[in-house]
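Engineer: With the hints as extra help, turn the sequences into a complete structure.
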Amino acid sequence: MKQYQSFKEIETDLKRLSLEQNIAWEEMKLLKGEFQESLTPANWLQTGLKMAGKYGMFLMAKRFFK
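Each residue of the sequence shown is one higher than the one before, starting from 1 at the first, in UniProt numbering.
Derived from the structure by calculation, the hints contain no laboratory data.
None of these values were measured; they are calculated from a predicted model.
Keep in mind that a hint or two might mislead.
Cut-off 20 Å, straight-line C-alpha distance, at most; resulting in silico cross-link-like pairs (EDC-like, lysine to aspartate or glutamate) [said to hold, decoys possible]:
hint, residue 1, residue 2
1, K15, E27
2, K2, E20
3, K8, E20
4, K2, D13
Structural biologist: Now the structure itself:
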């Protein structure tokens, strides 16, 4: 446990902890927004199209080398 020598040290620590809490809260809100965005159907469609494109290229390469 930290030993404080003055009220100024206590106030400084409390202010620092409050700022850290606010930063953590904003990071949580950002992560929530990113998570919600990743669950949108448009994002699923984009991912599906990328995978289909890669699979199509694989099939074309397979036929080319046969």
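Engineer: All the hints need checking, so say for each whether the structure fits it.
Structural biologist: Now for the hints, and whether the structure bears them out:
1. K15 - E27: 18 Å, holds
2. K2 - E20: 18 Å, holds
3. K8 - E20: OK: K8 and E20 at ~18 Å, within 20 Å.
4. K2 - D13: Between K2 and D13 the Cα gap is close to 11 Å, so the pair holds against 20 Å.
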